[in-house]
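Q: Chains as they are written, first to last, in the numbering used here: chain A, 2 to 340; chain B, 223 to 854.
Everything labelled a hint here was simulated from the structure, so no lab data went into it.
It is possible that some hints are incorrect.
[Said to hold, decoys possible] Straight-line alpha carbon distances no greater than 25 Å define the calculated DMTMM-like cross-link-like pairs of lysine to aspartate or glutamate that follow:
| hint | chain 1 | residue 1 | chain 2 | residue 2 |
| --- | --- | --- | --- | --- |
| 1 | B | 825 | A | 60 |
| 2 | A | 45 | B | 632 |
| 3 | B | 825 | A | 109 |
| 4 | A | 203 | B | 623 |
[As the list claims (entries may be wrong)] Now the in silico label distances, taken between C-beta atoms and shown as ranges:
| hint | chain 1 | residue 1 | chain 2 | residue 2 | range |
| --- | --- | --- | --- | --- | --- |
| 5 | A | 150 | B | 520 | 48 to 56 Å |
| 6 | B | 691 | A | 150 | 17 to 25 Å |
| 7 | A | 194 | B | 556 | 21 to 29 Å |
| 8 | A | 120 | B | 384 | 22 to 30 Å |
| 9 | B | 533 | A | 194 | 53 to 61 Å |
| 10 | B | 316 | A | 122 | 40 to 48 Å |
| 11 | B | 716 | A | 145 | 46 to 54 Å |
| 12 | A | 122 | B | 719 | 55 to 63 Å |
| 13 | A | 240 | B | 757 | 38 to 46 Å |
| 14 | A | 240 | B | 553 | 28 to 36 Å |
| 15 | A | 25 | B | 626 | 25 to 33 Å |
| 16 | B | 556 | A | 79 | 44 to 52 Å |
Every value quoted in this text rests on a predicted model; they were computed, and no experiment measured them.
Where a beta carbon is used, it is the ideal one built from N, C-alpha and C, also for glycine.
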Amino acid sequence: MTSPRLPLLLLGLLAGAASAASAAPSHDLYICAAVNKGYVIGSKIVTVNGLFRRGATGEWQHLGYNDTSVRAVDFDPRNHAVIYTAANNGCWRSLDGGQHWRITTSWDMTEPLDVTIDPHAPDTVYLALPDGIAVSPDRGQTWPRRESGLPERGKYTQVVEVDRTQGGRVLAGCESGIYLTTNGAESWTRVLPTDTTVDDIKQSPHDPRLWLAVTQSNGAWISRDGGLSWKQLAGVPSAHALYNVAFDPLHPSRLAIGSWTLGVLTSEDGGATWTARNAGIPDPHKVWRIAVDPDSGSLYASVVGEALYSSEDFGRTWKRGGLEASTVNAFLFLPVSTP
Amino acid sequence: MKKTFLSLCLAIVSGAVLQAQPSFTAPPPSKAVVPGADTRRAAYDQRIDEALAWRSGQVNLAKPASLDPTAIAAKLVRHEDVAACSARVIELMKEGGSGPFWMFPSVCLAYTGRDSLSAEAKAAIREAWRTNMQLRGDTENHWAMYYTSLYLMSELYPNDPAESWYTGKSSAESLAESREYLIHWMDLMTTVGQGEFNPTGYITEYAIPMLYLATWARDPAMRMRGRMTLDWLFADLAANTLNGVLRGPHARTTENPVMERWNDQASFYSWLLFGNTPPPANYAGFGLYFAVAARNYELPEVIYRIAVDRGPDYVQRDLKRSRRRWRYSDVLMAPIYKTSYMRRDYAVGSFQGGRADPIQTHVWDVSWTVADPRGAHSTLFSVHPYSSPEDMQTSFTAYPEPMIPNLASEGKPSYDAPDKILGASPYEQVFQDLDTIVALYDIPPGMRYPHVNAFLSRDLVDRTEDPSGWIFARGGNAYLAYRPLAGYTLAPFQGYKQQPSKAGYKWERIATGDTLLQSPHLKNGSIVQAASVSEFPSFAAFKAAILALPLEFQLEPVPTVKMKTLRGKDVVVTYGQTPVVDGHPVDYTKWKLFEGPYLNAEKGSRCLTITHGHLKRVLDFNHLSITDSVTP
Chain A
2 MTSPRLPLLL LGLLAGAASA ASAAPSHDLY ICAAVNKGYV IGSKIVTVNG
52 LFRRGATGEW QHLGYNDTSV RAVDFDPRNH AVIYTAANNG CWRSLDGGQH
102 WRITTSWDMT EPLDVTIDPH APDTVYLALP DGIAVSPDRG QTWPRRESGL
152 PERGKYTQVV EVDRTQGGRV LAGCESGIYL TTNGAESWTR VLPTDTTVDD
202 IKQSPHDPRL WLAVTQSNGA WISRDGGLSW KQLAGVPSAH ALYNVAFDPL
252 HPSRLAIGSW TLGVLTSEDG GATWTARNAG IPDPHKVWRI AVDPDSGSLY
302 ASVVGEALYS SEDFGRTWKR GGLEASTVNA FLFLPVSTP
Chain B
223 MKKTFLSLCL AIVSGAVLQA QPSFTAPPPS KAVVPGADTR RAAYDQRIDE
273 ALAWRSGQVN LAKPASLDPT AIAAKLVRHE DVAACSARVI ELMKEGGSGP
323 FWMFPSVCLA YTGRDSLSAE AKAAIREAWR TNMQLRGDTE NHWAMYYTSL
373 YLMSELYPND PAESWYTGKS SAESLAESRE YLIHWMDLMT TVGQGEFNPT
423 GYITEYAIPM LYLATWARDP AMRMRGRMTL DWLFADLAAN TLNGVLRGPH
473 ARTTENPVME RWNDQASFYS WLLFGNTPPP ANYAGFGLYF AVAARNYELP
523 EVIYRIAVDR GPDYVQRDLK RSRRRWRYSD VLMAPIYKTS YMRRDYAVGS
573 FQGGRADPIQ THVWDVSWTV ADPRGAHSTL FSVHPYSSPE DMQTSFTAYP
623 EPMIPNLASE GKPSYDAPDK ILGASPYEQV FQDLDTIVAL YDIPPGMRYP
673 HVNAFLSRDL VDRTEDPSGW IFARGGNAYL AYRPLAGYTL APFQGYKQQP
723 SKAGYKWERI ATGDTLLQSP HLKNGSIVQA ASVSEFPSFA AFKAAILALP
773 LEFQLEPVPT VKMKTLRGKD VVVTYGQTPV VDGHPVDYTK WKLFEGPYLN
823 AEKGSRCLTI THGHLKRVLD FNHLSITDSV TP
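Go ahead and model the full structure; you've got the sequences and the hints to work with.
A: What follows is the structure in structure tokens.
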């Protein structure tokens, strides 16, 4: 299909975002966002939703369909025109930079929660599903399930994260724990059992052996050996769900966690201590996603149905920064491709 | 029922002209059996005409908004104002849509207007299917509508390339995917049971797509599947109605029909197909999408007779299944054991096993017949008001916190209300034998709502609280005895009234005149026994009979009831244990897909036998065959 009605739609400005003023950022920021309060299947969509790219002056440009359900996005590192998204209908793929899209999955895979390309084998795409994990070896042409080692029940998968240092090495956050594969999902081994869903896993941009994970009811965890073993971060409460985690690409000791109830938690000592930093963020906080801009160091927080907030001092103060009524499901900072 | 801009238009247009709906405002229709096939068919066609004429008559061509898709479809099948319809279709298609509730109306227009809409209008529909992404949704009814619509559009434009569809898949690819899913879904239904079973509202979201398949599918096999599935759904509807009013339990219903049993989509189908109850206002709105193609369906006499020509009281036991459980569950779909006991004056229904749906389930009730069901709250039941974000996560791919705050605006206002009467709890276990219900509750400490609610209708007559602990009342021609097993308070019940809203749903709490019984005890239970007025010389005699029956119960360590029922059964029901009847544990493993005087099917069989008197129809999905026979 073509998306003729919403080609690179100007949606709004990310006011005050330092990155917008940057002369030559080395990353393009893409987000997956729903900008629609109260949407329910069947109701009229009156706003623009889905995949957006931040333009040079901070404006948000829409790509593809108006889809309230886009959860995640990834790009082929060889060719950024090849895009995959995870959304209600399955895994969508564009081969031409978002002009045309195809649902690559069929009826038997629905509501994927994450999609990730193996940078070492970019034809290989991992898909986190509510009932397991599928891996496409051929850019989404086929989607065999790869669930050996996952439990028959307990394989609800929220997140898949590929180890950037080793092809076929992937960590998956499931309802029953963190699972590791080192052979391209031919088999999985549980490396951390949990009571409830692992909501996010991230690899440090500074040290590839350092990983962080957050969970729904078991707090936050750190691994210093590439995900083989995990230790709970004592300073992070486990009474409330933690939705996602971010490393600051510019400061190795800075970490951040987003949580509906707790808001934004930050650490500036590598996770030893944590501070809630919500000055300027609405109360209740309803923080859905956080991310750190690798170019400007801005900390972003998406507050559900409210706006995108930004902080230039790592959470000490926040400013409401555009994307009114939005909920950002994913941030992706894509290295600017060289021609 | 989800809200669409299309249905909103319909509601706005039609809301003020109820007087023009003859069957809605007329006295209840005759319950007499219409024996002649031709007469029945003529009456059926007349009802179709009534609905379509009403809808068409609401249109003011000077006000284009009044020409919504149902109106256009009604006019197209009546060969009226075709040019205006074409022009309006072009306008409507500019708005696109966002999922199955847009898809099936657009399919309806594409097919009803196949031979009459202008080329430009047909092109506008086709173009909308290229430019507008359609969400597949997350429920079985969404998928039934989605894949039926995709199937039919792919057949209508069979050779179109991938880039001409929003899916990015060719007609052939979408056709294959749709067929595969629809057959998969029908396989589930015909082997382990329906998911959204016995729905008061969602029946329309299955009936419409199945009718469209039966009417418009080019592939004879899929057309046959649509026809057979319609028969299956309507046979189930017929067997679960009394005088056209659907009885509980329900996998899914909503706040108002759970009280006013008649007032939902199912009654439109009873009216249209069986002619034995009034239709809801506006012919249930969505029902009009069925009406425009309804001439292509012929209700089998055997199903008609099940609905209107009842013999002795009967028990129907069915196997169903829960909604898909993504996580925090040992099973993907839990089996559900449904029982319906149908008598002339009342029905008792319940299910045991898994919770069918996290939000909208109605597990059990006693409901009685009334001369006119409109406005009647003819039901009695209890429920633990369970509310849990973690439980919601079982069925939804969502985080725990946002779900509950969003439910009211998404059309489920009572989920987190302490006085709710809709929904199921994992801490409720229900046993039924004929017209005896024992519902036991063992609510863990710390639950959000540590109490049990019971709904005492405003329509109960002579309600009395007996010193024995029984509450006696009469509902219609049914005597009712309700025994709360722990202390309680009574208060006026507050219902929900939908308010106009431009974004999401808004609700107002209103007094309904009913009474809410609240029992603030974690170990708890309800016993209900019912009987026809005609069985006893007086209300006092009924009370005396109930009080004379042996009854022992205790709540610690777990609720347990040992009793003799009004029908002479010795019953022992203990929370967490298999119920025992006359010394024999109930064996749910032997439950069949359908078992009763009218509907019978073995688990896994893909084959339903529908019988009434000498009439028999066999729906065999293994061979895609319908076999009718008349036994001597």
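Q: Decide, hint by hint, whether the structure agrees.
A: The hints, checked one at a time:
1. With a C-alpha separation of about 58 Å, the suggested pairing of residue 825/B with residue 60/A is violated against the 25 Å cut-off.
2. Annotation: proposed proximity of residue 45/A to residue 632/B holds, straight-line Cα distance about 13 Å (limit 25 Å).
3. A distance of roughly 24 Å separates the Cα atoms of residue 825/B and residue 109/A; the hinted pair therefore holds under the 25 Å criterion.
4. Restraint check for residue 203/A and residue 623/B: satisfied, since their Cα atoms lie roughly 22 Å apart, inside the 25 Å limit.
5. The beta-carbon spacing between residue 150/A and residue 520/B, approximately 54 Å, falls within the hinted interval of 48 to 56 Å.
6. At roughly 56 Å, the beta-carbon separation of residue 691/B and residue 150/A lies outside the given 17 to 25 Å, and the hint is violated.
7. Range check, residue 194/A to residue 556/B: Cβ separation about 25 Å, and the 21 to 29 Å hint holds.
8. At about 28 Å, the beta-carbon gap between residue 120/A and residue 384/B stays in the expected band of 22 to 30 Å.
9. The hinted window of 53 to 61 Å between residue 533/B and residue 194/A holds, with their beta carbons roughly 58 Å apart.
10. For residue 316/B paired with residue 122/A, a C-beta distance near 44 Å keeps the hint of 40 to 48 Å intact.
11. Taking 46 to 54 Å as the suggested C-beta distance range, the pair residue 716/B and residue 145/A conforms, at roughly 53 Å.
12. Roughly 58 Å separates the CB atoms of residue 122/A and residue 719/B, a value that falls within the hinted 55 to 63 Å.
13. Separation of residue 240/A from residue 757/B is about 57 Å and departs from the stated range, judged on CB atoms against 38 to 46 Å.
14. Our hint of 28 to 36 Å for residue 240/A and residue 553/B holds, since their Cβ atoms are close to 29 Å apart.
15. Checked against the hint of 25 to 33 Å, the C-beta distance between residue 25/A and residue 626/B comes to roughly 46 Å, which is inconsistent with it.
16. Taking the beta carbon of each, residue 556/B and residue 79/A are about 46 Å apart, inside 44 to 52 Å as hinted.
Violated hints for the displayed structure, listed by number in ascending order: 1, 6, 13, 15.
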